[in-house]
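Note that the protein sequences, when read in sequence, are chains A and B.
The first sequence begins at 10 in this note's numbering and counts up one residue at a time.
The second sequence begins at 6 in this note's numbering and counts up one residue at a time.
Wrong hints could be hidden among the right ones.
[What the hints assert, rightly or not] EDC-like, lysine to aspartate or glutamate: derived pairs with alpha carbons at most 20 Å apart: (1) LYS313/A <-> GLU200/A; (2) LYS213/A <-> GLU202/A; (3) LYS38/B <-> ASP117/A; (4) LYS38/B <-> GLU200/A.
No wet-lab data here; the hints were simulated from the structure.
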Amino acid sequence: MVKTQRFQIMIIAGAFLVYPFFVSDYFIDIAFYFGIYALLGLSLNIVLGEVGLFDLGHAGFYAIGAYTTAILNTKFGIPIFVLLPVSALAAALFAYLVCSPVIHLQGDYLLIVTLGMGEIVRLALINNPFDLTGGPNGVFGIDFPTFGYGFDIDSSIEFYYLIWIIVALSIFGLIRLQKSRIGRAWNYIREDEIAASANGVDVKNYKLLAFILGAALAGVAGNIYASKLMCVSPESFTFWESCLMFCIVLIGGMGSIPGVIIGAAFISLFPEIFRPFAMYRMLVFGLAMILMMMYRPGGVWPRKRGAVEFRSLLGPAARREDV
Amino acid sequence: MHVIFEQLINGLTIGSFYALIALGYSMVYGVLKLINFAHGDFFTLGSYLGYTVLVFGAALITNHFGLWGGLVLAMTVAATSLAAVGLIVERLAYRPVYPAGRLPAVVSALGASIVLQNAIMVIWGPRFQAYPSNLIPNIHIQIGDIHITILQILILVLSFVLMGTLYFIVQKTTFGAAIRATALDRDTASLMGININKVIFFVFTLGPALGAMTGIMVGMYYRQISFTMGWNYGLKAFTASVLGGIGNIPGAMLGGLILGVLEMLGAAYISAAWKDVFVFLILILVLIFRPRGILGEKLAEKV
Chain A
10 MVKTQRFQIM IIAGAFLVYP FFVSDYFIDI AFYFGIYALL GLSLNIVLGE
60 VGLFDLGHAG FYAIGAYTTA ILNTKFGIPI FVLLPVSALA AALFAYLVCS
110 PVIHLQGDYL LIVTLGMGEI VRLALINNPF DLTGGPNGVF GIDFPTFGYG
160 FDIDSSIEFY YLIWIIVALS IFGLIRLQKS RIGRAWNYIR EDEIAASANG
210 VDVKNYKLLA FILGAALAGV AGNIYASKLM CVSPESFTFW ESCLMFCIVL
260 IGGMGSIPGV IIGAAFISLF PEIFRPFAMY RMLVFGLAMI LMMMYRPGGV
310 WPRKRGAVEF RSLLGPAARR EDV
Chain B
6 MHVIFEQLIN GLTIGSFYAL IALGYSMVYG VLKLINFAHG DFFTLGSYLG
56 YTVLVFGAAL ITNHFGLWGG LVLAMTVAAT SLAAVGLIVE RLAYRPVYPA
106 GRLPAVVSAL GASIVLQNAI MVIWGPRFQA YPSNLIPNIH IQIGDIHITI
156 LQILILVLSF VLMGTLYFIV QKTTFGAAIR ATALDRDTAS LMGININKVI
206 FFVFTLGPAL GAMTGIMVGM YYRQISFTMG WNYGLKAFTA SVLGGIGNIP
256 GAMLGGLILG VLEMLGAAYI SAAWKDVFVF LILILVLIFR PRGILGEKLA
306 EKV
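So that you can see chain A by itself, here it is in the shape it has in the complex (with noise of 0.2 Å):
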């Protein structure tokens, strides 16, 4: 059993590697995206998946990140990677502070009050506040990430296996994150939020927490946007990319990281995909996602529960048993 789950991610791992040997910049590049989504994706399952809390302004905190990186990188030419660890510092910060006062909203509440601060931040960036964000036409002139000695990334490839590269460290992290503790006590506050906090679950901070790490990888997903993309504008950060956000999320499967990965595919290569349509293409792609959630309302690869979680609690006299 496990030994052909070590097997099939292997030829998955496999795949991804040589992809880039056999296609175009084009489609290297659409799988960049694809990466860029699928990390997205990732930083909000922490939050909805996870936790089932409600998050809609989730491209706010993936602005934070992507101009932290831009305004830092092109006023004190501070370089990409050394930014890496700050965007993601600052966006959690950032939602540190804003979500702090309105943790305690329940559902919708709180979907309108991240949708409202996801706003915020969008017209604040539009508004060009200190002269900083260069209002509607963003920032320009950010450099490309560079290791010194001369090597730079700055072609499709290298940047398509830079995205790759830290997509697979996060689920790396965030497989072990869900058996931890914390990934526990998520799941019991999604579950049944009052049952949690009665066997003493610190409900808000475990709250705060996914919020705060889900932005801090929504920035580290908004600095690798911002160096590929060479510049930053607001329209990347509007409602319409925390919605896409919130499907991959719910088509992929709540919680699920495999699940969250095919809804980022979903999102991102469907539109290429029917590219010959043309304008009817996103015609397409709306009734697609309504038949979705008509034929697989848990999405597409729903979170498995149960009995080998348990088992491993056991010891390893238990786990031996269905290698």
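With the hints as your guide, set chain B onto chain A.
This is chain B only, laid out in the frame that chain A set:
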């Protein structure tokens, strides 16, 4: 001093747009606990249908109906077609998804919104369309220092009549009691012999119809419509309905009017560029201190 009154009138005008659209969100939310993201696009579609009637039926209208008759015709055509579209969307996109819970319905609603928006783009083209400009004579009426246009008076009267009618239906009639009961607790309401399907039929015809009429009013007021405008108005109207207390019908009206007035006062006294930021900040502040909106009642938490 007269600036504040003029801004109040302007605010009430766009506030009544928000209120009428917010009613559609709030009614559907009350009955189905569904955020109907397609509602903003019902509004856009209504606006485009009204545009088509007014532009392509112009000769017919001037020959047979006259100006006011023509407007009534455009409103009727748009409202009835949108009532039908609302029902179709409910049947095809929402009804099959209800049993699966609330979140799949959100994705389905977003899908319906994409479909409607792109259908509008395919039919009418991606460019802005201009409403006929000479529909209502551009006459200013002066009361003291305050200028009001005939169009504004027309819009205000019409929206208050529509809101008043809806308020009467929902608060004073037996069927209105059924709607409120369904909003409070759907299962219990159906056990008390209320026909839930009838209530759903009502909210999915009346909501889009109101949206369509608002679409025509917005077209006449701003003279310019685009296929993406449903998102902006939808977002504001949804905000308004939450501000008033979502699911609460007088709340949606009040929320819309407050939002419109705040927006205009913010534009006049703070900064036009930051007015939307101001609106969303007020919303967040209201929700921090009154988590169920202005008129929303605090519900007991179910354990």
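Evaluation of the provided hints:
Annotation: proposed proximity of LYS313/A to GLU200/A holds, straight-line Cα distance about 15 Å (limit 20 Å). With a CA separation close to 10 Å, the supplied pair LYS213/A and GLU202/A stays within the 20 Å bound. A hinted pair counts as satisfied when its Cα atoms are at most 20 Å apart, and LYS38/B with ASP117/A qualifies at roughly 9 Å. Distance restraint check for LYS38/B and GLU200/A: the Cα-Cα separation of roughly 19 Å lies within the 20 Å cut-off, and the hinted pair is therefore satisfied.
In the structure shown, no violation is registered for any of the earlier numbered hints.
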